[in-house]
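Chains Z and B supply the protein sequences, listed in that same order. Just so it is clear: in the first sequence, position 613 is 613 by our numbering, and no numbers are missing. Just so it is clear: in the second sequence, position 405 is 405 by our numbering, and no numbers are missing.
Honestly, the hints are just simulated from the structure, not real lab data. Accuracy of the hints is not assured; some may be wrong.
Note that the list lumps identical chains together, so a pair holds whenever it fits in one copy or between two copies.
Said to hold, decoys possible - With a straight-line Cα cutoff of 25 Å, these simulated BS3-like cross-link-like pairs (lysine-lysine) come out: (1) Lys617 <-> Lys645; (2) Lys651 <-> Lys369; (3) Lys469 <-> Lys491; (4) Lys78 <-> Lys341; (5) Lys639 <-> Lys617; (6) Lys617 <-> Lys636.
Here the structure is a predicted model, which means the values were calculated and not measured.
Protein chains: 2
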Amino acid sequence: MRHDLDYIFRPRSVAVIGASRREDSVGGQLLRNLFRFEFNGPVFPINPKAKVVHSTKCYPSVLDVPDEIDLAVIVVPKQLVPKMIDDCGKKGVKGIVMITAGFREVGPKGIEAEEKLIKKIRKYGMRMVGPNCFGVINTDPDVRLNATFATALPLPGKIGFLSQSGALGEAILDHASQLNLGLSMFVSVGNKADVAGNDLLEYWKDDPQTELILLYLESFGDPRRFTMLARSIVQQKPIIVVKAGRTEAGARAASSHTGALAGLDVAAEALLDQCGVLRVRSMEELFDVSEAFANQPIPKGQRVAIVTNAGGPGILAADACVSLGLDLPPFNPKTITTLRKFSNPEASYSNPMDMVSGAGSEQYRKTLKAVLQDNNVDAVIVIFVPPITIDPVGVAQAIIAASQNSFNKPILCCFMSAADERSGIKDLKRNRLPVYLFPESAALALSAMVKYGKFRERKTGKIGEFKVKKKKAETIFTRALRERREYLTEKEVVDVLEAYGIPFPKAEIANTYDEALERAEKLEFPVALKIVSPEVIHKSDIGGVVLDIRNEAELIRGIKQIVDATKPIKKKLGEFQIMIQEMITGGKETILGMIQDPKFGPLIMFGMGGIYVETFKDVNFRIHPITDIEALEMVKTLKSFPLLKGVRGEKPVAFDVIAEMLQRVSQLVSDFNAIQEMDVNPFIAFPEREKCTAVDGRIRIRLDS
Amino acid sequence: MRHDLDYIFRPRSVAVIGASRREDSVGGQLLRNLFRFEFNGPVFPINPKAKVVHSTKCYPSVLDVPDEIDLAVIVVPKQLVPKMIDDCGKKGVKGIVMITAGFREVGPKGIEAEEKLIKKIRKYGMRMVGPNCFGVINTDPDVRLNATFATALPLPGKIGFLSQSGALGEAILDHASQLNLGLSMFVSVGNKADVAGNDLLEYWKDDPQTELILLYLESFGDPRRFTMLARSIVQQKPIIVVKAGRTEAGARAASSHTGALAGLDVAAEALLDQCGVLRVRSMEELFDVSEAFANQPIPKGQRVAIVTNAGGPGILAADACVSLGLDLPPFNPKTITTLRKFSNPEASYSNPMDMVSGAGSEQYRKTLKAVLQDNNVDAVIVIFVPPITIDPVGVAQAIIAASQNSFNKPILCCFMSAADERSGIKDLKRNRLPVYLFPESAALALSAMVKYGKFRERKTGKIGEFKVKKKKAETIFTRALRERREYLTEKEVVDVLEAYGIPFPKAEIANTYDEALERAEKLEFPVALKIVSPEVIHKSDIGGVVLDIRNEAELIRGIKQIVDATKPIKKKLGEFQIMIQEMITGGKETILGMIQDPKFGPLIMFGMGGIYVETFKDVNFRIHPITDIEALEMVKTLKSFPLLKGVRGEKPVAFDVIAEMLQRVSQLVSDFNAIQEMDVNPFIAFPEREKCTAVDGRIRIRLDS
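Let the hints inform the model, and build the full structure from the sequences given.
Below, the structure written as structure tokens:
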């Protein structure tokens, strides 16, 4: 059976509604592109004002076409769109590419028009790409569809490219052709009114022509479905994404541009990371990285050999590799023995291997051969700066020859010269060797491949299910919701967290000095004092916490201190109590938390104590639910992780306990979607498993849930 | 009078020693380049084996040339070099460009040969560029010297380019030509045996042809002279540098490559920063940034307007600008009123200004005019993604027209299309408008200009001179040197620092329990206990510190704790004393320090308490001596500065006191160059000036000084 998107991407016939006689119009160019690219089926121009367009019989309406039509590309003024869709519906057209703009992206009226359009599409059982898009391409030799108005013709290849910006389409296709990057399909999704990015991911998942997926995104339509799809796709095919709107200004522009509600970038970042999707920072990086992925195998490790005929560029490459987390191991002694046999006496055999400027094609061939054989090496960057005495084409041929026996190790080239006929660059590209002008670009591309390779080998882990007292927590949430209290009380928070296996120190509540003393003695000094009042969320901020009380005198002073500190807000506070808590000293302060993202759902957070979170923003987010492996990664990839591992001979804290606590938070969030926001702050970690404990926490609920 | 480097860079005649009949040899190409570039004086080929080279009479030796020779370019095998220099000496040649390699860069024998070469050069009163270099260029119409073996001809312009890598020379000249970047001079300095980078900086300082200086460096020859020169040059001319060897692997390659002792990169970073030299991370960035500097004025501030006909690229530009610290302010309401008059109804007037894809040349012209007039805007990035319906050349012309009235605000263009004749890109470049393929490159270039502009307006400050007790410190250092003690004792450190106005808490030394108690009561509890022994440097590491002793019982327990902890090393320690120190509680821990760099001299350091330094490496270095403004910057540009400013409503600490302490450290280091390394750790900062105090310190001296 045909996939419903086949009507769009593998149509047997195409009508261009709004086909123009003028070549320099969108409709005129698009029609001609179908012919220029030799579409495999018939193309029907539709235009009531013309009899012939581009030497082809033109029909006033699709209804006048005698043949069946799979796909209609619509390029008419927006007010004519509804009529055209009706015509297509009557005709039985099942695929629409809507180039016409003026919908969601222009505000309330456009949104309304788009909603009406969608209703029609659904009514007729059609699928639609767009509106407000640049068109679609499928280079499959059985299809040969170029339904865009691009000036450059696409090269066939194995990249599926999705662009959420129509305008970028032209630039993308143009640049890809220049880089010799072949596409399997290109889709400008426009406003994504019907066909969304996720539909394409699903379509490409099993498309044998597509081996590499590139995405230019401004927003995520359905992050959860994206996660599911991407996780499974990246096991087979790399996905590389430029996500615009990284910054607030960018996101502002993104939302005024596509009308999409941009999620927090931190959520997008977490999502991409968890799915093993590679995020690059710019279009340029996207192309650099793609050139490597499209042409070379994924390296088995991160050990790079740099082979160069010029010291300077070798250093630049080494700098870039190391900055990007790659290693430059020394060569195997056997390799060095081999290299010495034919190298220039002035060559340097450390890595980078500097063959010095006399090196010609033979040296390139032999050196590459030796280095590729070296079992310390997973990948090679080969640099050539053409000296006048050496023929670049010969060097290129030598690299091509060496690449025939590469032991499946990727080879990336850097030829620092203009890409003219005598430069050898075209020969390399024809032989699937990526070539960069600057060494840093090669290093960047290689680092992306290494990252992908690591991800593919990584285990996903499983979502833990701990034995918890769900009923007890349920009672508390139900009561709070009934009483319409946005924040749980101190006591409720402790009860809920303890019910989910997150430990707290022993604590007692006191109403008077005498009670306080009695409780403190029962718990044993030192103790901590905390104000207990439903009005107080940030206890420390108002002076409601006194730590390390060692004796009766200090206890009395401590309570007085809290009473004095709260005097200015006494009226608001009314009566309050004091919590006497077992004092936890030492250990490392961490924070565990969760926040609901309107689009991405719950984000689980982990970070080091207050200052690290607030000043260094050193926190890790993961999209809920998290697996055991993800939880451990959240801990271990924190910048301040060395503090948990212990500095100056300290023992490491039990970070598997932290990871378990994160999973318990995740389970709590799964069980109660009323939780809008929560944190366990601080959670104090010790080397001893049993000493690890939460000290304070906060849970906010959605009263409308 | 002629500058001695004029013999090299402004010669009246040139001899090419090793001029070859073969065009594809280094000597052959170099000779021909002199002719191709139309050198203004006579060129004399020297080659005993030829009568004519390149249709020019050839001489066996310089001694046979009847005319005077200013510059000899030497391209002979290295063993012939000494003879050629002797010939040149006899002939009275004053300038040498030594292309020949095989000197310092090839190891001990080469170093010896280079030292002999230098002796000869000095003996004859010559100046020499190289050896192991790519040659020199001066495009001044009065000179027209191209003494390189590059294949590309240089374009005249105002950039002085110094490359420490010969091999990169070809790539640099080639790429510069392609980008339409004109050079005033190009110098491949090779091994810098005689003429060093600093000589060129000095030469370029007053060269009216050179308005922008680009450096590719692998090492600093004389950092102090560089500092002096660079500081003064950047007031007039920007200096942009790629410093290779940022990472350990890179530095290793750098030292095996040029034989230069690479300094710590942190020192290089500090040095460049202090001098206002812009450091870029790659050759690509170097060119991107140069294109902007060479063609557009420096912006007065960091407020950027983005004007685009395509949403996606606008977002990418906005993201990049904000990430680089630039602002995207909203437009002035007056501007928006103006824009509304002629813009597409679907346009977005927030910044980025998205004119949407119908925008043609008239809209570009009018929009740019309005935006350039806006007093909220300091610079403009204008993006054009060519839709088929719009003529790019027309848009380019519109931008050129608008740029005529730019109010001295820089305009950077991003044209996302191939640079062919119909793209308008050449027109823009001809009119000194930098053009980038990707929006991120434009943002990067602009951010570099903003950084330079800020630096130029920054005041340098002055080096403070505090009233100190130098004599007292001198006595201590003299004694320690005499006694050959590498580390000053606890007491000596405190005395030296106090002599220089760095305060310490009150402290007493005790030999017995009773003494300890007496001292503690005199100082008042709480106190801190510290072991005092010349054998102990890191007191905490061996358990030699107990803090916050509140009473007699705790004091006894504390002393016992130290005694117990030091048992394993009792033998080594022998008898030790205990220091009873007034306990400092609260405040923010900082570290002040100094370390001697073998090349850069003393580096002054500032950072936040132990963990921040050790885990986050959040420290600032400055090259000694530091001015008052630099000292304050060291504090304020720390990543953890917000902690000093106070989080959650805390009062800021007296960071002017910290800055003063850093200057005092600098003064101490000036006065005693025997100090090899020192730190004041911790220095505890409080909001109250008088409470700020050092608590501990360490001073190591050079016994060979």
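How the hints compare with the structure:
1. Taking CA atoms no more than 25 Å apart as the test, Lys617 paired with Lys645 passes in both settings, with 19 Å inside one copy and 16 Å between copies.
2. Taking the shortest Cα distances, Lys651 and Lys369 never come within 25 Å of each other, neither inside one copy (47 Å) nor across copies (65 Å).
3. With identical chains, the CA atoms of Lys469 and Lys491 are at most 25 Å apart within one copy only, with a shortest distance of 16 Å there and 60 Å across copies.
4. For the homomeric pair Lys78 and Lys341, the shortest alpha-carbon distance between copies (23 Å) is at most 25 Å, but the shortest distance inside one copy (73 Å) is not.
5. Taking the closest pair of Cα atoms, Lys639 and Lys617 come within 25 Å of each other both inside a single copy (10 Å) and across two copies (11 Å).
6. In this assembly of identical chains, the alpha carbons of Lys617 and Lys636 lie at most 25 Å apart whether taken from the same copy (16 Å) or from different copies (18 Å).
Of the hints listed earlier, the one the structure fails to meet is number 2.
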